[in-house]
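J.: Take -15 as the starting number for the sequence shown in this note's numbering and just add one per residue.
Treat the hints with caution; some may be incorrect.
The following label-pair restraints were derived from C-beta to C-beta distances [to be verified]:
no. : residue 1 : residue 2 : range
1   : Phe205    : Ile325    : 27 to 35 Å
2   : Leu175    : Phe205    : 25 to 33 Å
3   : Pro395    : Ser157    : 20 to 28 Å
4   : Gln169    : Gly391    : 38 to 46 Å
5   : Arg415    : Gln386    : 29 to 37 Å
6   : Asn456    : Arg532    : 33 to 41 Å
Distance condition first, Cα-Cα at most 20 Å in a straight line; then the derived PhoX-like pairs of lysine-lysine [what the hints assert, rightly or not]:
no. : residue 1 : residue 2
7   : Lys56     : Lys(-11)
8   : Lys56     : Lys100
9   : Lys56     : Lys30
10  : Lys138    : Lys176
11  : Lys138    : Lys115
12  : Lys105    : Lys136
13  : Lys228    : Lys196
14  : Lys350    : Lys417
15  : Lys(-11)  : Lys176
16  : Lys107    : Lys(-11)
17  : Lys566    : Lys554
18  : Lys408    : Lys228
19  : Lys56     : Lys66
20  : Lys196    : Lys417
21  : Lys105    : Lys115
22  : Lys56     : Lys99
23  : Lys176    : Lys196
24  : Lys199    : Lys176
25  : Lys138    : Lys46
In case anyone wonders, no lab produced these hints; they're calculated from the structure. Please read these numbers as outputs of a predicted model, since none were measured by experiment. From the three backbone atoms N, C-alpha and C, an ideal C-beta is built for every residue, glycine too.
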Amino acid sequence: MPLQKIGRNIQQIAEAIAEAIDVHVTVVDRDLVRVAGTGPYEQLVKEFIPRNSAYAKVLETKETILIENPGKDAHCTGCAVKDECRETFEICTPIIWQDEVIGVMGIFAFNEEQKKIMVAKKKHHLRFLQKMSELIASKYGEAVLFEELIVKNKELSTVVQHVNQGVLCVERSGRINHINALALQLLGLNLKEEQAIGLNLHQFWPSALILKALKEGREYFNREEHYARSNYRRELITTVRLIKKGDRDTVAVATLSDIEEMHKSSFRAREKSGNFTFDHIISRSPKMQDVIKRAKVVAGSDSTVLIVGESGTGKELFARAIHNASSRADYPFVGINCSAIPEALLESELFGYEPGAFTGASKNGKLGKFELAHKGTLFLDEIGDMPLFLQAKLLRVLQERQVLKLGGTVPKDIDVRIIAATNKNLEELIREKMFREDLYYRLNVIPLEIPPLRERPEDIPALIAHFLEYYNQKFGKNVRGFSDKAMEFIMSYSWPGNVRELENIVEYGINFAEGDTIHFSEIQRRFKASAESNERISLKDRVREFERQTIAGYLDRYGWDEEGRNKVAKLLGISRSSLYRKLSQ
């Protein structure tokens, strides 16, 4: 930093020296530019002095120079203006800061009377001049540190303004010392940072965790808190740190994170199939195309969807496609398989729990799937396997749009779209008292039935091509397809495992293919294993499957609505209840 930065301060010091000891003073910087001056030098401030003058030697040697005969002294040799010098006595001393010469201070006499006084008080003037140069050096150091502090503050402010958390600094009284733009946004304050500084947090958020931390003298880490003002509400995760300010005073710094945004970001990052759309559903079948068309229409609303279909038909893929085509696409898609989680854990998985709600519970509590899916979509897979006691609680959540954690006392509002899926006949489960009828009607707002693969053989070649491309790339192979005999078998096979089973066959074939074609002999073992598994199926189960396929075929012809079901039951000579029972089996 140039000495010019504190030129006004140096000029005041120079004038004080001149007044105190009746001499004239000048100060130059390391570039030999006059920074301050009194008497005849006052008008020469900001001008260069001669390069070969005594000042240049002081800058070079860091030593004080005393000149008793200016213009004739050895120190003046080489000075361009030595013959015109009007000074009669001169003392020049370096101004040193951190072992570096940053300038030179000089005092002068311009007549014999002043010279006599200066010579008589030479030792006194030398000490005085040394102290004054140290004073200027300290002023310079203060200015440098202040400038560095300004830069550091700007850097810190820039960092604070651009972190992805709200930052809030509050005094013990509740006065806001600092707040960044994101914190202003989270708190719904339509103010600029400078307008918010000085406001008292007690006035609009008296329950804030940061105020509690200051009152109790303790810090908090990743605590959930609620902020509400007028019609504005936010759920926040807050961490509060305390900073000692002197011996007695304390300030608190809080970081604020929006729970909704945290969930949105984390789940979008974790979802492997987050970008799955209807374009990814491979189908040439008119039946399947009709289902896709209806699903696209449904995606435009917030209605609850019930997807029905056998295992392996792609129910979850449809759910993801609906979510990603909806207005909720930027928010989480959260799935839970109701049959894959033990009954004892399913409730806490769905609804979450408060800290210490039960033995073994996390001390921090846990967010349930409903909260995690806030503003997004909750996919309830295998809903037919949900226990009855949880069905009642689920129904209450769907009706009230509020969720109560285990161990909690205050329900929390949620905004979630429900997509449920099942491979079971829920109406039959209702008759068997295994599924609540009122929940069924809550879920079955928009029914979508995905046809099994055996009813859409047109899709098989396209699906095979897709899986061949995927697994060729994955395994570094170049298998072009199946032999004619293998393809003939594949097209005639019933595919009880549907698309999932077809994918497994393709992966199996690519693994064991010896050339660029998968032959029937290379996949026969895989089908034989399935056949042997099927051979263990009892006659009763085979009859049930035949009846189910026969009934499904008639329903496809006459319709799955009430009128169609009545007609099929009459044609087959069975009751409606028997029709439902056989379909579920």
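J.: All the hints need checking, so say for each whether the structure fits it.
T.: Taking the hints in turn, this is what the structure says about them:
Checking the proposed 27 to 35 Å range against Phe205 and Ile325 shows it holds: the Cβ atoms sit about 30 Å from each other. Remark: the range hint 25 to 33 Å for Leu175 to Phe205 is upheld by a beta-carbon distance near 28 Å. Checked against the hint of 20 to 28 Å, the pair Pro395 and Ser157 fails, with Cβ atoms roughly 35 Å apart. Evaluation of the 38 to 46 Å hint for Gln169 and Gly391 yields a failure: the beta carbon distance comes to about 32 Å.
Judged by the Cβ atoms, the range 29 to 37 Å given for Arg415 and Gln386 holds: they are separated by roughly 31 Å. About 37 Å separates the C-beta atoms of Asn456 and Arg532, a value consistent with the hinted range of 33 to 41 Å. With a CA separation close to 34 Å, the supplied pair Lys56 and Lys(-11) exceeds the 20 Å bound. Our distance criterion of 20 Å between C-alpha atoms is met by Lys56 and Lys100, whose separation comes to about 18 Å.
For the hint pairing Lys56 with Lys30, the CA-to-CA distance comes to about 27 Å; that exceeds 20 Å, so the pair is violated. For the hint pairing Lys138 with Lys176, the CA-to-CA distance comes to about 17 Å; that is within 20 Å, so the pair holds. For the given pair, Lys138 sits about 34 Å from Lys115 by alpha-carbon distance, which is inconsistent with the 20 Å threshold. Between the alpha carbons of Lys105 and Lys136 the distance comes to roughly 46 Å, so the proposed pair goes past 20 Å and is violated.
With a C-alpha separation of about 16 Å, the suggested pair Lys228 and Lys196 falls inside the 20 Å cut-off, and the hint holds. Proposed proximity of Lys350 and Lys417 is contradicted: the alpha carbons are some 32 Å apart, above 20 Å. A hinted pair counts as satisfied when its Cα atoms are at most 20 Å apart, and Lys(-11) with Lys176 does not qualify at roughly 31 Å. Proximity of Lys107 to Lys(-11) is assessed by CA-CA distance (about 31 Å); at most 20 Å being required, the pair is judged violated.
At most 20 Å may separate the alpha-carbon atoms for a hinted pair to count; Lys566 and Lys554 meet this at roughly 15 Å. For the suggested pair Lys408 and Lys228, the alpha carbons sit about 64 Å apart, so the restraint of at most 20 Å is broken. At roughly 7 Å between alpha-carbon atoms, Lys56 and Lys66 fall within 20 Å of each other, so this suggested pair holds. For a cut-off of 20 Å, the pair hint linking Lys196 to Lys417 is broken: about 51 Å separates their Cα positions.
Restraint check for Lys105 and Lys115: the C-alpha separation of about 15 Å stays at or below 20 Å, so the hint holds. Using a Cα cut-off of 20 Å, the hinted pair Lys56 and Lys99 holds, with the two alpha carbons roughly 15 Å apart. Distance check on the hinted pair: Lys176 and Lys196 sit about 26 Å apart at the alpha-carbon level, beyond 20 Å; violated. Distance check on the hinted pair: Lys199 and Lys176 sit about 28 Å apart at the alpha-carbon level, beyond 20 Å; violated.
Restraint check for Lys138 and Lys46: the C-alpha separation of about 35 Å exceeds 20 Å, so the hint is violated.
Checked against the numbered hints given earlier, the structure breaks hints 3, 4, 7, 9, 11, 12, 14, 15, 16, 18, 20, 23, 24, 25 and satisfies all the rest.
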